[in-house]
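Visitor: Once you've looked at the hints, dock chain B against the given chain A.
Chains A and B, in that order, give the protein sequences. Each residue of the first sequence is one higher than the one before, starting from 1 at the first, in the working numbering. Each residue of the second sequence is one higher than the one before, starting from 1 at the first, in the working numbering.
Just so you know, these hints were derived from the structure itself, not from any lab. Please note that the accuracy of each hint is not assured.
[Claimed, not checked] Derived pair list, reagent style BS3-like, types lysine-lysine, alpha-carbon separation capped at 30 Å:
| # | chain 1 | residue 1 | chain 2 | residue 2 |
| --- | --- | --- | --- | --- |
| 1 | B | 496 | A | 108 |
| 2 | B | 562 | A | 108 |
| 3 | B | 547 | A | 125 |
| 4 | B | 496 | A | 125 |
| 5 | B | 374 | B | 547 |
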Amino acid sequence: MKLTRRDMLALGLGGIAAAALPYQALAASADDWTAKFTGGAAMADAGVTLTAPEIAENGNTVPISFEAPGAASVMLLADGNPEAGVATFNFGPSAGSRMASVRIRLSKTQNVIAIAKMEDGSFAKASATVKVTIGGCGG
Amino acid sequence: MISRREFLQASVAASALWGASGIGNWSRLAAQQVLTQDKLLEFDSFGNVTLIHVTDIHAQIVPIWFREPEINLGVGEAYGQPPHVTGADFIKMFNLQKGSPEAYALTYDDYVALAGTYGKMGGMDRIATVVKAIRAARPDSILLDGGDTWHGSYTSYKTNAQDMVNLFNALGTDAMTSHWEWTFGTARVKEIVETQLKFPFLGANIFDAEWDEPAFEPYKIFERGGVRVAVIGQAFPYMPIANPKWMFPEYSFGIREERMQEVVDEVRGQGVDLVVCLSHNGFDVDKKMAGRVQGIDVILTGHTHDALPEPVLVGNTIMIASGSHGKFVSRVDLDVRDGRMMGFRHKLIPIFSDVITPDPDMAGLVEAERAPFKAEIEEVVGKTESLLYRRGNFNGTWDDLICNALLSERDAEIALSPGVRWGTTKLPGEDITREDIHTVTSMTYGQVYRTEMTGETLHTVMEDVADNLFNTDPYYQQGGDMVRVGGMGYTIDVSKPIGERITGMTLLKTGEPIDPARSYVVAGWASVNEGTEGPQIWDLVESHIRKIGTVRLQPNTSVVIKGA
Numbered sequence: 001m002k003l004t005r006r007d008m009l010a011l012g013l014g015g016i017a018a019a020a021l022p023y024q025a026l027a028a029s030a031d032d033w034t035a036k037f038t039g040g041a042a043m044a045d046a047g048v049t050l051t052a053p054e055i056a057e058n059g060n061t062v063p064i065s066f067e068a069p070g071a072a073s074v075m076l077l078a079d080g081n082p083e084a085g086v087a088t089f090n091f092g093p094s095a096g097s098r099m100a101s102v103r104i105r106l107s108k109t110q111n112v113i114a115i116a117k118m119e120d121g122s123f124a125k126a127s128a129t130v131k132v133t134i135g136g137c138g139g
Numbered sequence: 001m002i003s004r005r006e007f008l009q010a011s012v013a014a015s016a017l018w019g020a021s022g023i024g025n026w027s028r029l030a031a032q033q034v035l036t037q038d039k040l041l042e043f044d045s046f047g048n049v050t051l052i053h054v055t056d057i058h059a060q061i062v063p064i065w066f067r068e069p070e071i072n073l074g075v076g077e078a079y080g081q082p083p084h085v086t087g088a089d090f091i092k093m094f095n096l097q098k099g100s101p102e103a104y105a106l107t108y109d110d111y112v113a114l115a116g117t118y119g120k121m122g123g124m125d126r127i128a129t130v131v132k133a134i135r136a137a138r139p140d141s142i143l144l145d146g147g148d149t150w151h152g153s154y155t156s157y158k159t160n161a162q163d164m165v166n167l168f169n170a171l172g173t174d175a176m177t178s179h180w181e182w183t184f185g186t187a188r189v190k191e192i193v194e195t196q197l198k199f200p201f202l203g204a205n206i207f208d209a210e211w212d213e214p215a216f217e218p219y220k221i222f223e224r225g226g227v228r229v230a231v232i233g234q235a236f237p238y239m240p241i242a243n244p245k246w247m248f249p250e251y252s253f254g255i256r257e258e259r260m261q262e263v264v265d266e267v268r269g270q271g272v273d274l275v276v277c278l279s280h281n282g283f284d285v286d287k288k289m290a291g292r293v294q295g296i297d298v299i300l301t302g303h304t305h306d307a308l309p310e311p312v313l314v315g316n317t318i319m320i321a322s323g324s325h326g327k328f329v330s331r332v333d334l335d336v337r338d339g340r341m342m343g344f345r346h347k348l349i350p351i352f353s354d355v356i357t358p359d360p361d362m363a364g365l366v367e368a369e370r371a372p373f374k375a376e377i378e379e380v381v382g383k384t385e386s387l388l389y390r391r392g393n394f395n396g397t398w399d400d401l402i403c404n405a406l407l408s409e410r411d412a413e414i415a416l417s418p419g420v421r422w423g424t425t426k427l428p429g430e431d432i433t434r435e436d437i438h439t440v441t442s443m444t445y446g447q448v449y450r451t452e453m454t455g456e457t458l459h460t461v462m463e464d465v466a467d468n469l470f471n472t473d474p475y476y477q478q479g480g481d482m483v484r485v486g487g488m489g490y491t492i493d494v495s496k497p498i499g500e501r502i503t504g505m506t507l508l509k510t511g512e513p514i515d516p517a518r519s520y521v522v523a524g525w526a527s528v529n530e531g532t533e534g535p536q537i538w539d540l541v542e543s544h545i546r547k548i549g550t551v552r553l554q555p556n557t558s559v560v561i562k563g564a
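Next comes chain A alone, as it looks inside the complex (with noise of 0.2 Å):
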């Protein structure tokens, strides 16, 4: 799915739009999604922060949110997922703040990884292991 500029409009009245990853026959690795987002260009380590729970409370609804100031767009994925893409947020020039929050599914324990295109062309990237744990018997 390619955003229009219609759809930029639509939803992008503060400056943000949101696309979940289009569904693909055969599921997209991390590795893939991450390789078509950055051309293999080289990522920083600092320049996005991503804010996800340790262990999560609750598997099907895992809050996620990351700021990356500077950002063009940010893509989000989740590489223990049967398809690992999430979502791409695309920030236009009169976004404020370049952040937001989404709650997404998790299979199991995986990392959930933020990619942030610069509007410099540059790649940041951030991951956190998020646990998703059967229960156990905290004392």
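Guide: Chain B only, in chain A's frame:
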């Protein structure tokens, strides 16, 4: 000018030399073989602020036996570090003397003999005496309760925690945080917090589950002795995972490190002189947090039931671990000047119940709370010839007894019992009362389930729980011990990652390896799932003990530990 860090270190060294720290004082006590209330309370007041910390009392309002763990393994950076040090190693690390009062209070070594010498510990009336004595010396002291207060006894269960709420109000508590409190359900928690509690119920990390916004009072600023002290509450992070989330579905928890930093920055922005975190994170989680969140002066840590005679320093933050079940009260005197902590003096005060005179007011209140239940709690159910204890990473003898009860009363092949860290100790030769059974089983979701699990599922469960305990990143540790197992043996390599720790699962009855594909009849309790049906665990254990009359347990060799 001396740096802040140098000040802290100087203060530790100096207090040890002068005998004002727990260590110095205790060593002298041991040398003199004298145990008096005055000696236990002796403290040269220091600085201008005093914190009093109690935590994880688990509703134990009368003196109890509590044997500290024999096995308390640390992994990764925590290996061999306090509190993951036990027995003779602990005695050596903290320069204690074998057989001394402090060795009895802090280690498992020779527990039965030393219990006979030094007596039971704890009791709300003794704690009240200590609190009043500290307040007499320092009227502006701040009394902070780390939580796990309302749960853990017959009377707290029967009164929906009312006994504990009444007693902690009477004690003059200044603030608390929470964990098992939530297992009384949202409605009861709110009723207590909004209409009964005379002090704040703090939790900077308690969020509204729907909107992911702060839902409880995060901190309280106290003005004491000319100093402004911010106390930030940190509730148990893994509430909805380790305990039944259907009981408090409105709330989300989590470590929320960035939130803690935000709140610290907020109170610093208000110009407070001292920042204290009243935490129920567990020791290793707090230690990691102390190294990553900037600006906390003191962490009063709880949850993992560790008692340490000295503070642990992480950067400029001091961590205080005050034990559990009412065995200890920590006093921390601080020198706070110009918005900075310049030094501290600390003492972990052991509550020897035969030495400390009960406070008559509190003794009367405790008596009044227990009176309506006197006949029920004192009823003798059986007798034990074995030492009954729970605390430790793997099965304690109480757990073996509970698992035996599950296997026989529910006709199961395998029993699972939760690896909680609460529960008191019984000495050989003692009667077992109904109250004793409740101190190791009381909870609001004690139903015993009977179900079938495949060998593969059992392995997944074991691996999952083991990872909650032995993940090398403390932020992934939930702070319980390993699930207790009856009817099945296994080998655990604590140095391995999840999926590779548990091997050699064996059905003890036949000696055969557990077949991943076969179904086994499993009985267990404390399920976090809503709608679990079955008898209450305490009734089942009582029934079992009545049948056997006298408890005689064989040493449990069914768990083989590697990689430690």
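Visitor: Identify every previously stated hint that the structure contradicts and give their numbers, smallest first.
Guide: 3
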